[in-house]
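Asks: Sequence:
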Amino acid sequence: MPKMKTHKASAKRFRVTRNGKVMRAKGSVSHHRMKKRGRTKRMIDETSAAAPSDAKRIKRILVGS
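If you count by my numbering, then the sequence shown holds residues 12 to 76, one letter each, in order.
Hints should not be assumed to be uniformly reliable.
[What the hints assert, rightly or not] Cut-off 27 Å, straight-line C-alpha distance, at most; resulting in silico cross-link-like pairs (DSS-like, lysine-lysine):
#, residue 1, residue 2
1, Lys16, Lys47
2, Lys70, Lys19
3, Lys67, Lys37
4, Lys14, Lys47
5, Lys23, Lys47
6, Lys32, Lys46
7, Lys32, Lys19
8, Lys16, Lys70
9, Lys32, Lys70
10, Lys70, Lys37
11, Lys23, Lys37
12, Lys14, Lys52
13, Lys67, Lys14
14, Lys70, Lys14
15, Lys52, Lys16
Calculated from the structure, these hints are not laboratory results.
Just so it is clear, the structure is predicted and the values come from calculations on it, not from any experiment.
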């Protein structure tokens, strides 16, 4: 059976922590940034954990990394 390739688009968007959690970036980053409050902008910059239902699928895609 051939090796499974890493899905490169997903590899740029997600990362897996040492504990196996899948981390993702939040949306609404660049659109209308000036009118957002400072707190909102700081919250957007943080990464958050992906939903457990999606994490299994994302890990399978990121096999190569």
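Asks: Go through the numbered hints given earlier and state which of them the structure violates, listing their numbers in rising order.
Replies: 1, 4, 6, 12, 15
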